[in-house]
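K.L.:
The sequence shown maps to residues -22 to -1, 1 to 373 in mature numbering (1 follows the signal peptide of the UniProt record, and there is no 0).
Worth flagging that the hints you see were computed from the coordinates, not collected in a lab.
Ideal Cβ placement from N, Cα and C applies to all residues, glycine included.
One or more of the hints may lead you astray.
Simulated crosslink set (BS3-like; lysine-lysine; CA at most 30 Å straight-line) [claimed, not checked]:
1) Lys55 / Lys31
2) Lys124 / Lys179
3) Lys193 / Lys179
4) Lys308 / Lys124
5) Lys124 / Lys262
6) Lys127 / Lys179
7) Lys127 / Lys191
8) Lys308 / Lys193
9) Lys193 / Lys320
10) Lys193 / Lys124
11) Lys31 / Lys124
12) Lys124 / Lys55
13) Lys320 / Lys55
14) Lys127 / Lys262
What follows is a set of in silico ranges between Cβ atoms, one per label pair, in the way DEER data are often shown [as the list claims (entries may be wrong)]:
15) Pro238 / Gly301: 29 to 37 Å
16) Ser169 / Asp36: 36 to 44 Å
17) Gly264 / Ala354: 15 to 23 Å
18) Gly200 / Ala275: 47 to 55 Å
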Amino acid sequence: MVGLAFVLGAAVAFACADFAHALPSPLLQHDARFPRPGGQSGIAYDRQWVNPKPTPADTKADWWWMNAQANSGVNGKAPANVQVVFYQGYVFPVPTDLPKYYVSVEGSFPNGTTFGYTLFATDSVVTTQDTTSTGNWAGVGQFRSKPGKTYQVTFANDFVNGAIQLDVDTPPHFSCNTTTSPFFDSVAPSSLTAEEEVLFKRIGWAVSAPNAKAKVSLTIEGAPLVFIGTGYHDQNFVDSSTYFANSISEWLFGSAEVGPYAFSYLATRAHNSQWTFTTGFLSKNGVILQNQCSTVATSSIPGSQPGPNRSKVTPWGVKVSPGSGVNVPKGYVVDYTLSDGKTYRFNLTETAEILDIPIYHRSIGPVSGGKVGEPAQNGVVLFEWLNPGVNVYDP
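Build the full structure now, drawing on both the sequences and the hints.
P.N.:
See below:
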């Protein structure tokens, strides 16, 4: 096990690839590629999807992401926060001698100081009993997932120790409103390039904790990181003969709790694709208002309102990231239009970047919004722009 913020330039990239978060449209069907786990009454969302698990000889990857953030910051600083990803495999090409199993831990303390570690494990084993999944990364830590109920992470190593608990208050889901398939293929165009084939049919997303109350009690090389706030967890995988980054050009994701609302979004496209895949998840007091995915022409008019049962992500403003020196948005506006025509809007603003390299930006800051025409609610949002295609932001 090695405790490093980043390992080589390629490892900088892979540690940043904590993306994949999907949501549904009006299909309720079983994907025959996967047996029903946990019986008819439940689903093991956090299972070993890539089976057999990734090895150093392939380009497949399976990873379990979570984020937690305090409810507010101190003295104008960003709220304390932490993001944890348990990895099997890599999403960017890396040297073949790097260990295949590792955990990334990033975040910032209340004073704004950031931290980042890549912790290599000697092995990784994920087991499932009924709907509960447990993952152990030997020498680093483990997770335990009860979908729709709790997600727990514990660490015991030379760099990070302690525990994180998410108490889930929103129902779990797969993508595109299927109950058992994690893929996006229900909204795939009829004709696909090789890169689009990976996006729509080889990348999976399972969300067992769309929103949660978070309790964090960690020590980071002896320094305490303790807070209560909000959180999110999902699992992602790519089961393909090519790396994720060789197929995906850019990937925008964010999630937040805003008063009674919880939302997440995704907007992504494959390399050289005319299509943008979007998802929208929105709930109020734990009741789902929207859970859909759709595919639209990338040339769609910027800033236009989405159609019924759609969502739209629009960047606004521009700033130069201090670490990478590239232009990035100051924030995003996320619009949701429900099937009945009701509209909701949330405005995301960056306070600080937790990770900042040319092809990846992970940000935290305030978010405000709710149902259009009603008083705005407020919260804290974590959002990211993964940019393997090195797209230039030029508003």
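K.L.:
If a hint holds in the structure, say so; if it does not, say that too.
P.N.:
Against the structure, the hints:
1. Lys55 / Lys31: 40 Å, violated
2. Lys124 / Lys179: This hinted pair holds, its Cα atoms lying about 26 Å apart.
3. Lys193 / Lys179: Between Lys193 and Lys179 the Cα gap is close to 35 Å, so the pair fails against 30 Å, i.e. violated.
4. Lys308 / Lys124: Violated, at roughly 36 Å.
5. Lys124 / Lys262: 22 Å, holds
6. Lys127 / Lys179: 29 Å, holds
7. Lys127 / Lys191: 11 Å, holds
8. Lys308 / Lys193: With Cα atoms ~29 Å apart, Lys308 and Lys193 stay inside 30 Å; holds.
9. Lys193 / Lys320: 34 Å, violated
10. Lys193 / Lys124: 16 Å, holds
11. Lys31 / Lys124: 21 Å, holds
12. Lys124 / Lys55: 33 Å, violated
13. Lys320 / Lys55: With Cα atoms ~35 Å apart, Lys320 and Lys55 exceed 30 Å; violated.
14. Lys127 / Lys262: Holds: Lys127 and Lys262 sit about 17 Å apart, inside 30 Å.
15. Pro238 / Gly301: 29 to 37 Å: 36 Å, holds
16. Ser169 / Asp36: 36 to 44 Å: 27 Å, violated
17. Gly264 / Ala354: 15 to 23 Å: 20 Å, holds
18. Gly200 / Ala275: 47 to 55 Å: 52 Å, holds
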